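Colleague: Protein chains in written order, with the numbering used here: chain A, 1 to 514; chain B, 1001 to 1514.
In case anyone wonders, no lab produced these hints; they're calculated from the structure. Worth double-checking, as some hints may not be accurate.
Have a look at the derived ranges for each label pair, beta carbon to beta carbon [stated by the list, open to error]:
#	chain 1	residue 1	chain 2	residue 2	range
1	A	Arg119	B	Asp1300	28 to 34 Å
2	B	Gly1452	A	Gly402	37 to 43 Å
3	A	Leu171	B	Ala1260	45 to 51 Å
Quick caveat: nothing in here was measured; it's all calculated off a predicted structure. For every residue, glycine included, the Cβ atom is placed at its ideal position computed from N, Cα and C.
There are 2 protein chains.
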Amino acid sequence: MNGAQTLVATLAGQGVEICFANPGTSEMHFLAALDGAPLRAVPCLFEGVATGAADGWYRMRDHPAATLLHLGPGLANGLANIHNARRASSAMVNIVGEHALSHLKYDPPLASDLEGLARPLSHFLRRSASAVDIAWDTAAAVRAAAAHPGRIATLILPGDTAWAEAPPAALPAFAPTPLKTPDPARIQAIARVLRAGEPAMLILANKATRGRALALAGRVAAAGCRLGSQFFTARIERGAGRTPLERIPYAVDQAIAFLAPIRHLITLETTEPVAFFAYPGKPSQLKAPGTLVHTLAAPDEDSAQALDMLLEALGPSASPPLVQPRLETPPPTGALTPLSIAQALAAAIPEGCIVVDESLTTGRETMGHTMGAKPHDLINNMGGSIGYATPLATGAALAAPGRRVFCLVGDGSAMYTIQSLWTQAREGLDITTLIFANNQYAILKAECANMGAGSPGPQAMNLIDIARPAIEWCAMAKSMGVPAHSVTTAEALHQALANSCREPGPCLIEVKLA
Amino acid sequence: MNGAQTLVATLAGQGVEICFANPGTSEMHFLAALDGAPLRAVPCLFEGVATGAADGWYRMRDHPAATLLHLGPGLANGLANIHNARRASSAMVNIVGEHALSHLKYDPPLASDLEGLARPLSHFLRRSASAVDIAWDTAAAVRAAAAHPGRIATLILPGDTAWAEAPPAALPAFAPTPLKTPDPARIQAIARVLRAGEPAMLILANKATRGRALALAGRVAAAGCRLGSQFFTARIERGAGRTPLERIPYAVDQAIAFLAPIRHLITLETTEPVAFFAYPGKPSQLKAPGTLVHTLAAPDEDSAQALDMLLEALGPSASPPLVQPRLETPPPTGALTPLSIAQALAAAIPEGCIVVDESLTTGRETMGHTMGAKPHDLINNMGGSIGYATPLATGAALAAPGRRVFCLVGDGSAMYTIQSLWTQAREGLDITTLIFANNQYAILKAECANMGAGSPGPQAMNLIDIARPAIEWCAMAKSMGVPAHSVTTAEALHQALANSCREPGPCLIEVKLA
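Next up, chain A with everything else stripped away, as it sits in the complex (with noise of 0.2 Å):
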């Protein structure tokens, strides 16, 4: 056994499934070790897609996934999505190759600085010094990063400790970190709070906007309170029958005044809601002056043991808890808008689904108008860099066959990491992306403008526009074996809609913007 063999059979061992990866010359004995062994790789044209991907996997199935990246640059392109799914609590554990130890005194042209670059958005991070050290190091990489919340583990693997021999290790099998219980004290002081009955709100984030934790909050707002959400979150268990949020809105003023009612925020695995950027003279925070901030669950307790403790605190309650009715939205009609839009999915979209959501400046004001649709999981990016949702679905759909992934995202978004694609068709996953082709940065338009910089005059214009050329996305889609076609009306999207649920694999819809 060498040291690559041991290192694939620790993964499988501690329960890691999958590598998304994109090997390269130090990596081979990697390669060589997946022969017959208990771990699906899945090969990914771009380091982007394979980091996006392992966090898609891990917010469907709460344990990571492997990627398999080349050196420093391999790692480098992928950093964008670890900082998303850093951003996410998405747990992954990255393996990165690097030079045997005894050619880096050379500074051979790949060489460079591993660690420097790993580090700032690595929370386990280690070089295994020798082939024997590799089980144990994996085993420690994939305990770190499944802890809750999940976090990102990176291993160095340098060639000569992969081809190196290795005795087998004798591990322990993976067993989940505990959850932290919440402190009574704090619970019972909420619990005060909430029978006070001055205006509260319950910010849910993370683990607790689905399964118990979800069910538990909408007993909670039968006490009394509102039950809201950030403007992003990991993952919401959505839909009829399901407990329904509000969302925070995303631009500051109409976030300010969301909130300005309310005199407690209580916060499950998030921290008060702040402003994404910060614009020349508006506050940074959005809640109202003298709004008092809770914490029910801190990021590493257990959300649903919190609820249990605020709901024995409270004492039963004479109302129902707060459940989502199924809304009926007939197929829409006419021009392209955002409420069409959102109005087309309400009517397509089957129950079960997963649906991802980088639509910005399409989706932003309307994703409300599927609350009442179908149940199913919302995706939201947690870290701002754009360009997530595609390689996301390609792991969600993989984390969660049977499930259709409706991926939803701007034509600047997406063309980030476009060659997730390839690896949608390669696996033949049921994915319906959408691209709102609007030929523009549309967000930065109006972003100009509220940043006090004016209207955008023609240089700033040209890094906005994006219409010279126009993308044509059937052609990109066809080009990576991905069927596609475009619609114009809000008739054709929903037909088009419906009709991707019927046939397997993946397919792209151009929503051709005015």
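Since the structure of chain A is already known, use the hints to place chain B on it.
Modeller: Positioned in the frame of chain A, the structure of chain B alone reads:
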């Protein structure tokens, strides 16, 4: 005047002519400042295009371009091509937008350790502390970058320093840093070595492979010294009438055999040749045991001056300088092979063109056949992070209008930064991209065996073969506004290359390999 306006004015004042940009909300004041400023801004759909294009610009101009990147993830997306530029001694000035200082304490989603991400690959790294500092910081960044050898400068621009008032700064105009003079005693020692007549090779690199230095090297060759280059060189002036350099092979065994007769390696702006990767049981150093290495010009010294001094010390030579004769290559016919591809190039490329080579397995053994073609510049990837060719060609074409760029790239490599095609179409650049479509990471198939990892099994091959689906290159190019067609014979390739020189603007030729 605000901080962003000072920044743009100072860049232009220090001789920076162009900025490759992928901006976001935090860079809106920079965009506004561009209007009316003598700084050309070129939009890129991905940051790796911006940094690779800046590298290409420097290779042809010897003065830095700027890039505009959006916070940590924007910088991260540009790092792989910054790595390549750093290894090529290319200068660039990266402007990285950052949150306002007042906003950072709230740890908003896009916040990250910018200095941590930039430090491993930046020679100069500074965060502007106030609007007043920006002009001085910018001038310092350009000065640090533009020294010889070129360096990576990264300037972090917090939003509030961009939008705050700043007085105009009275800065001295840019003046290049004088090159360092080599130590005369060292030169005398090298002259003694050459006079002794033991087998010697001068290895030229960086700025020594062009202009006066290259011509002077031809006279050293006349004194009985072989002339060589590393396998990869930042830019070589090459072809008929230029001083020819023998290329040290890439493969370890071939390189060792090539260097075996040499007793003295004399370096100009480089170090002794080392293997690109370490392989089990093979050496990292390629020179024969006992070979002595002599530094004629260190990377920061003046090669032309060193060669002048050496020629002075050697005295007049009876032989004429070494010059590459023109070798007419008849246009090839028949199957597309590495040889016929090189012959088609040799026959078709016009005088003064630029060849950006990332052909890897397709061109590795055969690029020597273009040695007697019409005079041209040859550019290689110095850092080994693949996907450099399409953005580099983009920057080179902008830097050298009127000179067609031939971008030779494997299909696997091309997919890393394929968004370059869009910028090529946008700017109407005279670039002929050749995609060598073998539908695999062919280099890895060979490297698996070289690494002693045996023949790739089915799981390993799954990560090497990219044929399912095969990328449709004509559709890919068309999707981004670049006309394209496929060729399957050597005569069709030759014709397509020749045709591409007649039509202005970009085109793509898919070279279909069996």
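Colleague: Work down the list of hints and note, for each, if the structure agrees.
Modeller: Cross-check of the supplied hints:
The hinted range of 28 to 34 Å is satisfied by A:Arg119 and B:Asp1300, whose Cβ atoms lie roughly 29 Å apart. For B:Gly1452 and A:Gly402, the hinted distance range of 37 to 43 Å is satisfied, since their beta carbons lie about 42 Å from each other. Between A:Leu171 and B:Ala1260, the C-beta spacing of about 48 Å keeps the proposed range 45 to 51 Å intact.
Hint check: no violations occur; every hint is consistent with the structure.
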